[in-house]
Amino acid sequence: MHLIACPWCGPRDEVEYAYGGEGHIARPARPEALSDGAYADYLFMRRNPKGVHAERWVHAAGCRRWFNVLRDTVSHRILAVYKMGEPRPEAGP
Amino acid sequence: MVEPYLRQSPLDHLSLDARAVGDPGGAGVVAGERRFIAKVSLRGDPADPAFAAGAKTALGFAPPVAPNTVDGKRDRYALWLGPDEWLVVGAPDTQDKTVAALRAALAGCHAAVTDVSEGRTIIRLTGAHARDVIAKGCPIDLHPRAFGPGRCAQSRYARALVILHQLDEAPTFDLHVDRSFADYLWRVIEDASLEYGFAVVAEPVMAALKRRRTPQGQD
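Chains as they are written, first to last, in this note's numbering: chain Z, 1 to 93; chain L, 1 to 219.
Misleading hints may appear alongside valid ones.
[As the list claims (entries may be wrong)] Which bits of chain L does chain Z cover? Going by a derived footprint, with three or more residues having C-beta under 8 Å, they are:
#, stretch
1, 27 to 37
2, 191 to 200
[To be verified] Pair by pair, the computed Cβ-Cβ distance ranges are:
#, chain 1, residue 1, chain 2, residue 2, range
3, L, 119, Z, 87, 34 to 44 Å
4, L, 128, Z, 86, 18 to 28 Å
5, Z, 2, L, 108, 35 to 45 Å
6, L, 178, Z, 51, 38 to 48 Å
7, Z, 78, L, 65, 46 to 56 Å
8, Z, 36, L, 12, 49 to 59 Å
9, L, 116, Z, 46, 33 to 43 Å
10, L, 75, Z, 5, 31 to 41 Å
11, Z, 5, L, 128, 43 to 53 Å
12, L, 26, Z, 84, 19 to 29 Å
Just so you know, these hints were derived from the structure itself, not from any lab.
Using N, Cα and C, we set each Cβ at its ideal position, and we do this for glycine too.
Generate the whole structure from the sequences, applying the supplied hints.
See below:
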């Protein structure tokens, strides 16, 4: 089990959270102008890194706020937690 | 609001009043339902001066901005549920008054005031082992160094969504639970309490127990 530090509520058990997939994916400004291929890339294609991954989580059973997490997919360690809209920090140790 | 003559507590079928005792004696966990408590959802940006001033005027106190804290008066107080969301809890049948006062004071603000009284009920737990029973099903750290009177938290108890609010150091806890989960939660808690001794008390006894121990603070 993970302890995930919600930016508002502090460290809470993983059962209170839900995973929201890869973070920092900006919606295209004019989706109607994209080709089907480019739109499918935006909609479906995700990185699947071995190592540090920036992803979204929501404190579903708590304050219900979305935030970003940097997680190492190899060790399952959480390296950083930061609010929506904040820039991605450098990966820690 | 539901017509008062149709209104029924979600734990009505358990006939808790028929099981209630006047003196819980040595029971480690003392439980009761707080019925028909007024609950109003308040949403808005506390950094907006018009919202902050309006909420304070209507409630008589400022909604807390520190996460997972409770502030207010004895008969009406606000639980922090999010950076822009509070649950205003008050005596039964005061929800219409609270909603009207908040809506009047927040007219023109970007805010939302909603009566959610019927959505959840409150199970109150007190007694020497109340903390142990909550710890059995809830991942929140309830140790006094991490949690205490005036604190609240939203979490799960045996997978059911609950809002937890500690009122005093007895300890006394209020568990707000969705009405469709109330029967399940009550039965889980009663089962978890058997090893400590379990007693049901009616609301007036519960309130008297609370006042005898802590004359100050919220009801």
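Find the hints from earlier in the document that the structure breaks and name them by number, from lowest to highest.
1, 2, 4, 7, 11, 12
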